[in-house]
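Student: Given these sequences and hints, build the entire structure.
Note that numbering that gives the first Met the number 0 numbers the sequence shown so that position 160 is 159, with each residue one more than the last.
It should be emphasised that the hints constitute simulated quantities derived from the structure, not laboratory data.
The model shown is predicted, which means the values in this text are computed figures rather than measured ones.
In this text, a Cβ means the ideal position worked out from N, Cα and C, and glycines have one as well.
Just to be clear, a hint being listed does not mean it is correct.
Only pairs whose alpha carbons sit at most 27 Å apart, straight line, appear in this in silico BS3-like list of lysine-lysine [as the list claims (entries may be wrong)]:
1) Lys30 <-> Lys70
2) Lys30 <-> Lys119
3) Lys120 <-> Lys24
4) Lys24 <-> Lys111
5) Lys30 <-> Lys120
6) Lys185 <-> Lys174
7) Lys12 <-> Lys70
8) Lys70 <-> Lys111
9) Lys24 <-> Lys12
10) Lys151 <-> Lys120
11) Lys111 <-> Lys30
12) Lys24 <-> Lys70
13) Lys119 <-> Lys24
14) Lys151 <-> Lys119
Derived DEER-like restraints, expressed as beta-carbon distance ranges [to be verified]:
15) Met162 <-> Gln188: 35 to 41 Å
16) Glu121 <-> Leu150: 19 to 25 Å
17) Ser182 <-> Ser84: 55 to 61 Å
18) Ala23 <-> Gln103: 16 to 22 Å
19) Glu108 <-> Asp164: 36 to 42 Å
20) Arg99 <-> Met162: 39 to 45 Å
21) Val163 <-> Thr79: 24 to 30 Å
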Amino acid sequence: MTRGTYSWEDLRKQARQLENEIDAKLVSFSKLGLGSTPFNNSKSNGESAHLLGENFAFESVSSEIQQLLSKLTDVNSQMTEVSTSQAPSAALQHTLQRHRDILQDYTTEFQKTSSHLQSKKEREDLLGSVRRDIDAYKNDSGRNRRTDLYLKENEHLRSSERMVDDQINIAIETKEHIANQRSNLKRMQARVNDLASRFPVINSVVQRINFRKRRDAIILGSVIGFGCILLLLYSQR
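Tutor: This is the structure:
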């Protein structure tokens, strides 16, 4: 079938099937332990192959979950289109909102798990890099070892320089931002002072308006009272 030819029940079945598949994939995905084998001097080729297998599993399962989430998003969109062509129903809208919430929950869970596993992989890759540097340092000798050490130190210095440059740029941007805030505060203070200088005039105008309102109220009350007295006198005759 092409897009737009599914009925509401067909789309609901597809959504439930996709949700079940995503749930199972997320369970498997959360159990992945990328780079869980410790790095040491006696690490065998089998352990390296195991790490490569886990890396491949991470990429594979992650790609499958992304495809399933994309399909579920498309099914939900089709359900929304179908719901607009049918008579309004609270149950239908509730079902549609429930499928949207499930999709949002699965997307959030996938992002959190993926971020956690990626961080773990990066930490263990870093540990592996440090271990390899240490092993290379121990295996090298003489001039080659000193040369490699100098090259690594030079790389570290360059990295430190880049970090310092970034911090300086951040400090400059912060200074400019503070200066802009200061100028904005000065403009606001000038406006407040201007309003404060005009306040007595405004207060005088408000008092005049209130005085006229009270005067008009007194006049109106007097006229009404006088009219009532005339009506009473007329009624007694």
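Student: For Lys30 and Lys70, compute the direct alpha-carbon distance and say whether it is at most 27 Å.
Tutor: Satisfied, since the Cα-Cα distance of roughly 24 Å is no more than 27 Å.
Student: Hinted pair, alpha-carbon criterion (27 Å max): Lys185, Lys174. Please report holds or violated.
Tutor: holds (16 Å)
Student: Between Lys24 and Lys70, does the CA-CA distance stay at or below 27 Å?
Tutor: holds (14 Å)
Student: Regarding Ala23 and Gln103, is the given constraint of 16 to 22 Å on their beta-carbon distance met?
Tutor: Since the Cβ atoms of Ala23 and Gln103 sit about 19 Å apart, the hinted range of 16 to 22 Å holds.
Student: Is Lys30 within 27 Å of Lys119, Cα to Cα?
Tutor: Within the cut-off at roughly 13 Å; holds.
Student: Is Lys119 close enough to Lys24, meaning Cα to Cα at most 27 Å?
Tutor: holds (19 Å)
Student: Quick one, are Lys70 and Lys111 close enough, alpha carbons at most 27 Å?
Tutor: Judged against 27 Å, a Cα distance of about 20 Å means the pair holds.
Student: For the pair supplied as a hint, Lys12 and Lys70, confirm whether the alpha-carbon distance does not exceed 27 Å.
Tutor: Holds, because 13 Å separates the two Cα atoms, which is no more than 27 Å.
Student: Just to be careful, I want the Cα atoms of Lys24 and Lys12 compared with a cutoff of 27 Å; is the pair within it?
Tutor: holds (18 Å)
Student: Measure nothing beyond the straight line between the CA atoms of Lys24 and Lys111; if it is 27 Å or shorter, mark the hint as holding.
Tutor: holds (14 Å)
Student: Do Glu108 and Asp164 keep their Cβ atoms within the hinted range of 36 to 42 Å?
Tutor: holds (38 Å)
Student: Please verify whether Lys30 and Lys120 have alpha carbons no more than 27 Å apart.
Tutor: Holds, at roughly 14 Å.
Against the hints set out earlier in the document, a violation occurs for number 21 only.
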